[in-house]
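No gaps in the numbering here: position 86 of the sequence shown is 89 in my numbering, and each next residue is one more.
In short, the hints are calculated from the structure, not lab data. Source: prediction; values computed, not measured. One thing to keep in mind: the hints can contain errors.
[Unchecked claim] Distance ranges between label pairs, derived from CB positions:
1. G316 x P116: 40 to 48 Å
2. E358 x D264: 17 to 25 Å
3. E563 x D290: 50 to 58 Å
[To be verified] Below, computed lysine-lysine pairings styled on DSS-like, alpha-carbon distance capped at 30 Å:
4. K542 x K250
5. K560 x K548
6. K560 x K575
7. K165 x K560
Think of the CB as a built atom: it goes at the ideal place given N, C-alpha and C, for glycine as much as any other residue.
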Amino acid sequence: MCGIAGVLLPPDQHVDPGVIERMGCSLQHRGPDSAGSVCDRNYGVAHTRLSILDLSPAGNQPFVDGQYSLVYNGEIYNYLDLRQELLDRGVELTGTSDTEVLFRLLILDGVEPTLVRLRGMFAFSFFDAREQTVYLCRDRFGVKPLVYRSRGGELVWASEAKAIADLGSLEIDPVRLLHSMSAMFDGRGESTVFRHVRNVPAGTYLIARAGEAPVAHRFHHWADEISEVTYRALDAQSMPAIVERLKELLRASVKRMLLSDAPMGVFVSGGIDSSLIALTAIEEDPDLALFTANVVGTYSEIEDARLLARSLGARLHEATYRPDDMLREWPRGTWHYEAPLIVHMNSLPLAVTAELAQRTGVKAVLTGEGSDELFLGYAEYVARRYRKLAAPVDLMIKAYGLIPSVRRYLFPRGESRLPQFYPKLMSNFEDDTAGAAFDEAYGFLPPERRRDHLSSTKLLTSHLASLLHRNDRMGMLAGIESRFPFLDEDLVRFALNLPARFKLRMVPRFYNRRHPFLMDKAVVRHAANDLLPRALTSKVKFGFKTYGHHSLVIDRKFFEGGYVEDAFGLSKMAEEQLVSDRFRYFGALLASVEVFGRLFEQRATPDEVADHLQRHVRVDEALNSKAAME
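Generate coordinates for the entire structure from the input sequences, incorporating the hints supplied.
Structure, rendered in structure tokens:
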């Protein structure tokens, strides 16, 4: 895991080396072990390194050889196989890093033929000086971040948008910022809250000649991995056979992702996904340490994490996170998140846990992200199986719909489609495009069976992207790389083609109040049944909950003289309304926008914003009712 940044100007212009160095400095947290930069007339790149493979200087970047140069961030899990192929082809290699393997393959085979062979997570820029062309490439899930800005013949890119600020102002788009309260810009698509700054899409590479706008080329779409033949073959198997196949794939994935020359650990919550990852990892390396956040109070799952550690005989490091810590960590978390914290206030205890891991000497961790999306672990999607019970209600709504005035009276909620339209417009209808590809791929299934799979893929392309963004930004603020065994290419392909009957199973007991008698992630739970304590394998999904917007009590003076007041022309009366009980939750969401605006528009430091928060905001634990849990 590293930080990368670069600039390509029209051929008659020259890059300022000082600007390139400052871009690298702004990414120091991503790569604290070494830094380097290269400038050549109209081209310049910077790299900050977190040393995980080949800790020697041979792994330092940028990599330059004649007309080619590379800056790379990520891990290629099949690099040893690719390295051996290069040696068999007579290529001389000077180190043992995956960066060198990637560099030589790009030169020998070209960009797209190389990309389709890579297994892992990556974001990199590869420059051909003779052709005056740069390639900006991002992995299949977009695990590694890569943003860019193209205007006036200037192309600039970086792991984080803040590095782009060194080449002119980083302008907030106030319309997009307001819509960020619907959690649209936390890594879920191409758009960001900054004007003209975009994410390179997952599974895509951009080609840009000097002075020209970049052109996008997709090298992978997960919909292409869906096969009727594979689906039918899996459908013919028994649950025990499917469970064994999952275990086999997970063991292989964990083994690949434990490849490291630096110390590693596992982030655990006490939930089944991270527990299964920890179990599998410790079978490979009994010395691995576990790390967890103890969110003190209502949301603590610390006893489950301790039970896991005891059952595995593993060391558990606990990061304590109290309600008041939210006010101190909020600005710093937002600075690194580069979007208002809306859905993922749990980013803050995650950051505290990453710092604890860093203090112990760990540089990379395994996590359980991806399982819920692949194996239907979210209650709201599982509960849709009960939709048939609501058929009479649906019929009434349709009938009253014939008389709009009666419908509005009896069923007022959901009448306007504008709230649904705005997010689609802001994101260029990206979800609709992705959904159509999956809908076509699952076209061999009847609509009822297709629905569960489309629910899973929607989560995979939207919500999961935000979780990966969260894990990257909160880990890298402390120089910690996150790895995701459930997102191994083979395992994802297996899950996409796995019939939903292996994911959702009827059980003869009241399993979950939100979906009684239906077990979510059934194949995952069966895989852990004989290996982990029953309290963990049967645990209902709790999520990584923490104190958040529902818990806040805000003084009107918090908005006074701030970004929101200026950008939206708020009057004192409007500010009074925002902090009133009537609009308290909405006002708290707007407080996330305020924190972001003070940092990125008003140029306040995280410490200054934290001080402002502590003077005008408090966390009220009594507000944490069940309905208010985030």
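For each hint, the structure was consulted:
| no. | hint | verdict |
| --- | --- | --- |
| 1 | G316 x P116: 40 to 48 Å | holds, 46 Å |
| 2 | E358 x D264: 17 to 25 Å | holds, 22 Å |
| 3 | E563 x D290: 50 to 58 Å | holds, 53 Å |
| 4 | K542 x K250 | holds, 19 Å |
| 5 | K560 x K548 | holds, 29 Å |
| 6 | K560 x K575 | holds, 9 Å |
| 7 | K165 x K560 | holds, 28 Å |
When held up to the earlier numbered hints, the structure conflicts with none and fits them all.
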